[in-house]
Amino acid sequence: MQLKKRRKQKAMKESENMSATQQVLIIEAGRTEHHYWRDLWRYRELFYILAWRDVLVRYKQTIIGFAWALIRPFLTMIVFVFVFSKLAKLPSEGAPYPILVFAALLPWQFFSNAFTEAGGSLINNANMIAKVYFPRLVVPASAVIVSFVDFLISGMILAGLMLWYRFVPDWRIFTLPLFIFIAFAAAMGAGMWMAALNVKYRDFRYIIPFVAQFGLYVSPVGFSSTIVPEQWRLLYSINPMVGVIDGFRWAIMGGNTRLSWPGFLLSIFLVLVTLVTGVLYFRKMEKTFADII
Amino acid sequence: MSPVIAVENLSKKYIISHQKRERYTALRDVLANGTKRLTYKLTRPFAVPENDSTHEEFWALKEVSFDIQQGDRVGIIGRNGAGKSTLLKILSRITEPTSGKIRIRGRVSSLLEVGTGFHPELTGRENIFLNGAILGMSKAEIKNKFDEIVAFAEVEKFLDTPVKHYSSGMYVRLAFAVAANLEPEILIVDEVLAVGDAQFQKRCLGKMESAGKEGRTVLFVSHNMVALKSLCEKAIWLNAGSVIEKGRAGDVVSNYLQNGVPVNMHQAWGDPETAPGNKNVRLHSVKITYEGGTSGEDLTVASPVNLEFEFWNFNQNMLLNFSVVLYDNQEVCIFNTGSPAKIYPKGLVKGICHIPGNFLNDGVYRVRLLIVRDMSMPLIDLDNVAIFEVHDVGREGAWYGKWIGAVRPTLKWETMATSD
Chain A
66 MQLKKRRKQK AMKESENMSA TQQVLIIEAG RTEHHYWRDL WRYRELFYIL AWRDVLVRYK
126 QTIIGFAWAL IRPFLTMIVF VFVFSKLAKL PSEGAPYPIL VFAALLPWQF FSNAFTEAGG
186 SLINNANMIA KVYFPRLVVP ASAVIVSFVD FLISGMILAG LMLWYRFVPD WRIFTLPLFI
246 FIAFAAAMGA GMWMAALNVK YRDFRYIIPF VAQFGLYVSP VGFSSTIVPE QWRLLYSINP
306 MVGVIDGFRW AIMGGNTRLS WPGFLLSIFL VLVTLVTGVL YFRKMEKTFA DII
Chain B
207 MSPVIAVENL SKKYIISHQK RERYTALRDV LANGTKRLTY KLTRPFAVPE NDSTHEEFWA
267 LKEVSFDIQQ GDRVGIIGRN GAGKSTLLKI LSRITEPTSG KIRIRGRVSS LLEVGTGFHP
327 ELTGRENIFL NGAILGMSKA EIKNKFDEIV AFAEVEKFLD TPVKHYSSGM YVRLAFAVAA
387 NLEPEILIVD EVLAVGDAQF QKRCLGKMES AGKEGRTVLF VSHNMVALKS LCEKAIWLNA
447 GSVIEKGRAG DVVSNYLQNG VPVNMHQAWG DPETAPGNKN VRLHSVKITY EGGTSGEDLT
507 VASPVNLEFE FWNFNQNMLL NFSVVLYDNQ EVCIFNTGSP AKIYPKGLVK GICHIPGNFL
567 NDGVYRVRLL IVRDMSMPLI DLDNVAIFEV HDVGREGAWY GKWIGAVRPT LKWETMATSD
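For the record, the sequence lines run as chains A and B. In terms of the numbering used here, the first sequence opens at residue 66 and continues consecutively. In terms of the numbering used here, the second sequence opens at residue 207 and continues consecutively.
The shape of chain A in the complex, shown without the other chains:
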């Protein structure tokens, strides 16, 4: 009894001598990391710092700096309004057409930037991956965060448009964070898939920009998804961004916009599937990144 106590005291002393963070780490083939998520939490600062680095670097040696985050979506919006409203004369669901376009452009640009950046993130940080350990999930996740910063900046344009058109949103605007969260999940899921695949198959270097460009036209960015015939709506919603964009429009434009629930739920379901499989695939491939990158 006493021996046990003494041993315990000795052990305590020992652990005091070492630092408080000491833990036993076991490295084995195929071992699933028990502390993975805790590790991810421990590396949260790296996460901010990588995001901060990318934000900082992006506008170094530019003259107008952060204004680029405003100019690009603004010009895209003007072109879309001109093509889809002035030339094609598509309906606007009661709100000013620029607001209709911008409510969709916001999540779309967030998604496509995040998807592109996250997809290339591991390759761009190959050197770090080959030389230092950290949970690799940090890399694509911080790329998504960077795009989110751009998203917040271009959100200011939406506020500006609302002021300009004296457009007052209703209570639904408060549900917007929920849709932002869904957009985030979609970007994260797709980004992780692309990042992991890109390490192994460099073909994705060409597929990613193509998807980003193509997606802009197959997603209801320049037009309302209501112009898609009813019987095709569900099929159209297989593109998860349809649900996300519809959600954004529903929350921002209020009034008589309606969500087509089956389509919306299908999109959300697909977003979740992408996210979960994305994390699983990423975690499975993660251990081989350093060997094949």
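Certain hints may be false.
Output of the computed footprint for chain B on chain A, the stretches with three or more beta carbons under 8 Å from beta carbons of chain B [claimed, not checked]:
1) 120-131
2) 187-197
3) 312-324
Just so you know, the hints here were simulated from the structure itself, not pulled from any lab data. A virtual CB, placed ideally from N, CA and C, is assigned to each residue, including glycine.
Keeping the supplied structure of chain A fixed, place chain B upon it in accordance with the hints.
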């Protein structure tokens, strides 16, 4: 007390592909190969699948086991490709072992490269935070250490300059300063001393030494035996993925130096019928000698080296001269020296070529010997008659980097202060 690091039967396999040079796979190839295999299976359903001969297994580490106690400073030595870097990569969790198990107690920081993650566009200050975070320091820790890091790197004036404008020396100093101020329980360092100037190297070694004195465990890979012996008290010698020897650094290093390099300091042929040569001359022996020993272990930059050779001369009264050509292991010809021509009778002839001390640089050298008749016609031209290694010598001061230059002569200098 149980060891800080316990490695049991650790193995790591890489698959080498002979087909393409890229290490990544292209989707096209996967699809093409898949189709090929499928058609093969369809056309020959009962055939045993062919072994994919374009892929070869390569064991970078094979059944490696060792224990490291707390506070040990352990050097890992071995030739290129012995598995040192793979071992460090597995220990720092960058890559996964194929089999085996490691138990590590305590926080590990590894420094496999100086300045990982440095971004050229960011300023020195920003890079300190970035690099610190990558190496696993918290922001608070970096803030605490900030002044120390800056002082260590001596870049106060350029803190707010993007590092792309730094000189390479400043860049390396800053990078090492961040890493040197890590305070992990276990520090893993791969050959980083190869960079930086003398004074800086001295401080780096000092920093690692004090880390060991504070009870931290240090694992250090280096090709520089002098630095390694001065820093580490224990060593592990790896060759072709296996542990050859572990123990006191001095012993392991000297065994490694004796056996690790394929030196060939003495060769002899007893039979004048079959020895290398021809009907005119045949080589009897070649021997490298130097003052102080025969093992080759204490042959240093300072030692005068004698290249002795003996051969059978089968013709009476031949006008012969000899030529020795020395190459280093990068196939660079260091010199070619010729003897004066003389007339020799039939029988054994001996020649000695004296290479002065303080002339050759450290490294492995290969000897080529020519015997020339009538100053014009080579009778024999034999490469590889001897291989010897010149070791680095203990230097004054504390710079341990590779001394550059094909040769390392001590020359006569005159220096003086001149004032008018």
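Checked hints:
no.	hint	result
1	120-131	holds (count 4)
2	187-197	holds (count 7)
3	312-324	violated (count 0)
Checked against the numbered hints above, the structure breaks only hint 3 and satisfies the rest.
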